[in-house]
Amino acid sequence: MRGLWRRFVVDGLVVLGIAVNVGFLLINLRPDRPHLARRTKARILLRAGEPRIKWMRDNQFAEFAAANDVELEFVGAKTFEEVHQKLLEEKQHPTGLLLADVDDEHAQELKDGGLVRPIADGADPAELRQALVELIPDVVERGALDGKQWYLPKRALLNVAVYLRPAVEDAYLHWEEDRKEIEAALQEANGVGLPKGFRLRRTPDRWDSFDLFVAAWTWAHHPARWAEASRRISAENSISPVTAPRVAWPCGESEDGAGELLNALYRHGTTEEQLGRFDAPALLDTLQWQALFRKHGLLPAECEKSGLEQREVNGLFHERKLAWAPIDQADSLWLHGGARRDAEPGMPGAGDLSWATLPQGVSAELKDGLPARKGRSFSFEEVHLWAVPVRSPDPRLAFQLARYVGQRGLQQRETEAEGMLPVREDLRQDYPIAFRLEWMQHMLDASFRQLERGSGDLPSGWAEDDWDEKYLELRQAVVYGRPKDAPVTLAAIRQAVQHSSPPPGPEAKHDAR
Amino acid sequence: MPGEKPPQGSGEETKLLREEVALQKQEVALQKREAEARQAREIRNEQLKNRVSVAAIILTTALSFIGNVRSDRSDTAGSARASAESARRQGAELWAYYQMKMGEKASTEIARDRIRLDLAARGVARDDPRARLDVVKLTGYEERIRDFDTEAERVFFRVQDLEAQEDVQQRASVEPSRSAFRYELGGKLITLALILLSVTILSGKRYLLIAGVALGAIGLLVALDGYVLFF
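Residue numbers (the numbering used here), protein chains in the order written: chain P, 62 to 574; chain L, 172 to 402.
Accuracy of the hints is not assured; some may be wrong.
When the alpha-carbon atoms are kept at most 25 Å apart in a straight line, the in silico DMTMM-like pairs for lysine to aspartate or glutamate are as follows [what the hints assert, rightly or not]:
1. K359/L <-> D93/P
2. K272/L <-> E499/P
3. K276/L <-> D506/P
4. K435/P <-> E333/P
5. K276/L <-> E313/L
6. K382/P <-> E166/P
If you anchor each label on the Cβ, the simulated ranges turn out as follows [to be verified]:
7. G398/P <-> S235/L: 22 to 32 Å
8. A277/L <-> A187/P: 14 to 24 Å
9. R287/L <-> A205/P: 48 to 58 Å
10. G398/P <-> R287/L: 41 to 51 Å
11. V295/L <-> G470/P: 47 to 57 Å
Honestly, the hints are just simulated from the structure, not real lab data.
For clarity, every value in this text was computed on a predicted model and none was experimentally measured.
We treat Cβ as the ideally placed atom computed from N, Cα and C, and that holds for glycine.
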């Protein structure tokens, strides 16, 4: 019996050995790795439009999907609120959402709502450490909550100023022709006029509120040869230059309008503690300048009506109807045309574009001939993060995918094609080497300078406590609700604010300085 | 003789003879047992040699196949790396060309700006007949600057394509490299197993056969992982 068993084992081993050899023979015929694993389906939620999703699918995800036997389906969302909504639905009725694109503003809310799980759960600790070391520490912090890495940073965006170089040159050369009128307009507001020894500065990077006002005035009062009428070749002059307002920012009661208003408030020195104080000097200064721009017709007429969203401001710039506007990196690439062959073409004469930091907010009111209050150049940095939905089918795969997309080459290409601020430390260090096009370097230079001059996270209470709506209502009443020829002195603005500001609610707990 | 009384000492002789016969029988039995044991040992040795031979044939054949496939994977990885290197080199050359064009463009821009400044200094407008020659040169410079932009853009996109190719090829070399490493490791283990099997034939130790087969099996598994890359 024992002998029989032994013989069976030996024969079995021989047969197995022959089978293995036949197997190796077959491997020799086709040595590529076989796709033995079952091909799984996974869905990725992206806050992006169809062209961007297509670009990401072709250039970032396709290679990963092929290598990992996964079929990726993309779900688009227009806003982060829609992303939030879709994550809520996913929690209730899972559909196999592997990974989602969220922003830092919603990070805490998503965690508290139990809609996401820590991305660290799907990662080997050493692997996670390695992934985080490659990213900018400040950005990594935005993805960490209560000491745990809930999100992996994906990209960042912040507003800078975009301008047409010929327009700034024009304003620099000719603004003094209008000096008398500008002085008169400002004298009406501050009793003095321009600050002592004022000269329009050549580079918008050094502008403050007065420079922007002066440039806007000059542009709005002269036909602009550099605007829609311009062509790259000087011999062509078939379209007559027209006079129109050439400065715009998001206005009206949209989310973009609220964001821009908050940005302006912070540039004039508002802090999170001052939100809700309607007598804060920074608020009065902001509204006074906006009233001045409105009164003298320096902003597009749409601001008087339904307002302008950021994409409409971008659209005006795309038609060369504007000379200066705030813009982020993604919109900058849309405006200019991406720095890659497969990117969409941009505006005509995109070579005239340049970028600068946002102007320093200063008060129109003067003291000893100089602005009485000085703010700073400031912009809110928005960080987009990869989040793992709470019922993600494969958190490990989700982490691997997020890490794969964040590798240097892919992030560099995404920056060049779609526009963003890279979140990788090596790309931020090497950006003058990695991004070689001159205009791209100008844009990134301005962005990184903006980060140094002043940037921050959105105050937590802005949307949660409905301050955005309250401030928009106040601006509407004080700036646009009064007759156009109403006085724009600080006293008049203060009076209008007192008349229009909502009664302090329980949330107005901050002290103004 | 029959009926003759045996002498007295013959009983002892008989006893001795009987003892001797018994001893001889024992010796024969011992020899027989020894012969049987030798035969059994020879059979076992023969069986061991057969098993070693079969195992060695299987492992040698596998080693040959593994060597081929390892070579293929190494070539694929090497080819991807070479392709990445070639793309990098071409990109660097094109980049140098791009920079040269940019330098040329900067010179043309300076020339254009000089004419503009000269016209401004003379207080002559572009449509003034006195500026005709300047405008001819100015327009020429502006057209050249535009052409530089278009050309440089094309070169730049080509540089980007090559950089992307370098990136993709570098990633493409990773998987074949992993495979080649596993095939190589598997091959080394099988070689070690074959050495053990050779020693088995010399020493006739069964445990060495078991060790050799076990090592060979591990080598085969490692080599198989080179194909499927589970680990």
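Evaluation of the provided hints:
| no. | hint | verdict |
| --- | --- | --- |
| 1 | K359/L <-> D93/P | holds (21 Å) |
| 2 | K272/L <-> E499/P | holds (13 Å) |
| 3 | K276/L <-> D506/P | holds (22 Å) |
| 4 | K435/P <-> E333/P | holds (17 Å) |
| 5 | K276/L <-> E313/L | holds (10 Å) |
| 6 | K382/P <-> E166/P | violated (33 Å) |
| 7 | G398/P <-> S235/L: 22 to 32 Å | violated (57 Å) |
| 8 | A277/L <-> A187/P: 14 to 24 Å | violated (49 Å) |
| 9 | R287/L <-> A205/P: 48 to 58 Å | holds (54 Å) |
| 10 | G398/P <-> R287/L: 41 to 51 Å | violated (26 Å) |
| 11 | V295/L <-> G470/P: 47 to 57 Å | holds (52 Å) |
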